[in-house]
Amino acid sequence: MENQKIQELYVEALKLVTFFNRPENDKFLLELNHIDLDFKLFPLFVAISKMQPVTVQTISNFSGKHHSTISRQIQRLEKGKLIETAVNPSDSRSHIVKLSIAGEKLSEQIKIARQQTMQKALADVTDEQQETIINSLKLLNAILLKNTPDFKEII
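Here the numbering used here is used: the first residue of the sequence shown is 1, the next is one more, and so on.
Read the hints as simulated data drawn from the structure, not as lab findings.
Treat the hints with caution; some may be incorrect.
[Stated by the list, open to error] SDA-like cross-link-like pairs, simulated, lysine to any residue; straight-line CA separation at most 20 Å: (1) 50 <-> 63; (2) 27 <-> 119; (3) 98 <-> 116; (4) 81 <-> 111; (5) 40 <-> 23; (6) 98 <-> 15; (7) 65 <-> 95; (8) 111 <-> 11; (9) 98 <-> 123; (10) 138 <-> 11; (11) 79 <-> 96; (12) 40 <-> 89; (13) 50 <-> 118; (14) 65 <-> 28; (15) 81 <-> 11; (16) 81 <-> 55; (17) 79 <-> 118; (18) 98 <-> 3; (19) 81 <-> 138; (20) 79 <-> 61; (21) 105 <-> 145; (22) 111 <-> 123; (23) 79 <-> 90; (24) 111 <-> 87; (25) 40 <-> 102; (26) 27 <-> 11; (27) 65 <-> 53; (28) 79 <-> 37; (29) 79 <-> 39; (30) 40 <-> 119; (31) 138 <-> 39; (32) 81 <-> 95; (33) 15 <-> 99; (34) 105 <-> 92.
[To be verified] Cβ-Cβ distance ranges computed for the label pairs, FRET-style: (35) 124 <-> 89: 34 to 42 Å; (36) 33 <-> 100: 36 to 44 Å; (37) 146 <-> 86: 46 to 54 Å; (38) 31 <-> 9: 28 to 36 Å.
Note that beta-carbon positions come from the ideal geometry of N, C-alpha and C, so glycine has one too.
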């Protein structure tokens with residue numbers, strides 16, 4: 001592949017990642033859909049919902065945030081009764097985190113809100129174009145992840 005095409009692919013992928021990682025988008029989604037969750041906790045909550053049951057260390061490694069930061073955020077989610085923690089039966093030094101019943105309900109609300117948002121965004125995109133986008137993203141992910149050392153698909 002030519003250097004120019006590689007650079008263009010990288011730039012477009014980075015734009016997509018940046019879009020999904022912008023806290024303002026999370027805040028907008030939560031406010032628009034009247035979802036009661038601090039937008040600062042949103043990425044952690046979503047990660048737990050996708051990875052559960054999961055250790056605090058795994059979440060820390062996945063997010064790239066320090067263990068103590070994740071622990072403080074987990075305490076906030078636990079205080080809000082959105083998650084439950086327990087000592088890891090395999091290693092009593094660590095804790096397992098999973099969504100509570102209230103957290104599962106909130107996760108479903110978020111899923112519905114995201115689907116509605118994507119439906120609006122893709123309203124003018126044909127089914128064939130959507131399939132092309134999906135297949136292209138799957139191919140790109142497969143290619144990149146194949147060349148990533150020690151990658152374990154989590155989400």
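Against the structure, the hints come out as follows:
{"no.": "1", "hint": "50 <-> 63", "in the structure": "13 Å, holds"}
{"no.": "2", "hint": "27 <-> 119", "in the structure": "19 Å, holds"}
{"no.": "3", "hint": "98 <-> 116", "in the structure": "26 Å, violated"}
{"no.": "4", "hint": "81 <-> 111", "in the structure": "19 Å, holds"}
{"no.": "5", "hint": "40 <-> 23", "in the structure": "7 Å, holds"}
{"no.": "6", "hint": "98 <-> 15", "in the structure": "31 Å, violated"}
{"no.": "7", "hint": "65 <-> 95", "in the structure": "17 Å, holds"}
{"no.": "8", "hint": "111 <-> 11", "in the structure": "28 Å, violated"}
{"no.": "9", "hint": "98 <-> 123", "in the structure": "34 Å, violated"}
{"no.": "10", "hint": "138 <-> 11", "in the structure": "18 Å, holds"}
{"no.": "11", "hint": "79 <-> 96", "in the structure": "16 Å, holds"}
{"no.": "12", "hint": "40 <-> 89", "in the structure": "30 Å, violated"}
{"no.": "13", "hint": "50 <-> 118", "in the structure": "19 Å, holds"}
{"no.": "14", "hint": "65 <-> 28", "in the structure": "23 Å, violated"}
{"no.": "15", "hint": "81 <-> 11", "in the structure": "40 Å, violated"}
{"no.": "16", "hint": "81 <-> 55", "in the structure": "18 Å, holds"}
{"no.": "17", "hint": "79 <-> 118", "in the structure": "31 Å, violated"}
{"no.": "18", "hint": "98 <-> 3", "in the structure": "44 Å, violated"}
{"no.": "19", "hint": "81 <-> 138", "in the structure": "35 Å, violated"}
{"no.": "20", "hint": "79 <-> 61", "in the structure": "23 Å, violated"}
{"no.": "21", "hint": "105 <-> 145", "in the structure": "32 Å, violated"}
{"no.": "22", "hint": "111 <-> 123", "in the structure": "18 Å, holds"}
{"no.": "23", "hint": "79 <-> 90", "in the structure": "25 Å, violated"}
{"no.": "24", "hint": "111 <-> 87", "in the structure": "29 Å, violated"}
{"no.": "25", "hint": "40 <-> 102", "in the structure": "19 Å, holds"}
{"no.": "26", "hint": "27 <-> 11", "in the structure": "25 Å, violated"}
{"no.": "27", "hint": "65 <-> 53", "in the structure": "19 Å, holds"}
{"no.": "28", "hint": "79 <-> 37", "in the structure": "12 Å, holds"}
{"no.": "29", "hint": "79 <-> 39", "in the structure": "16 Å, holds"}
{"no.": "30", "hint": "40 <-> 119", "in the structure": "25 Å, violated"}
{"no.": "31", "hint": "138 <-> 39", "in the structure": "28 Å, violated"}
{"no.": "32", "hint": "81 <-> 95", "in the structure": "16 Å, holds"}
{"no.": "33", "hint": "15 <-> 99", "in the structure": "31 Å, violated"}
{"no.": "34", "hint": "105 <-> 92", "in the structure": "29 Å, violated"}
{"no.": "35", "hint": "124 <-> 89: 34 to 42 Å", "in the structure": "51 Å, violated"}
{"no.": "36", "hint": "33 <-> 100: 36 to 44 Å", "in the structure": "20 Å, violated"}
{"no.": "37", "hint": "146 <-> 86: 46 to 54 Å", "in the structure": "35 Å, violated"}
{"no.": "38", "hint": "31 <-> 9: 28 to 36 Å", "in the structure": "34 Å, holds"}
Of the hints listed earlier, those the structure fails to meet are numbers 3, 6, 8, 9, 12, 14, 15, 17, 18, 19, 20, 21, 23, 24, 26, 30, 31, 33, 34, 35, 36 and 37, in rising order.
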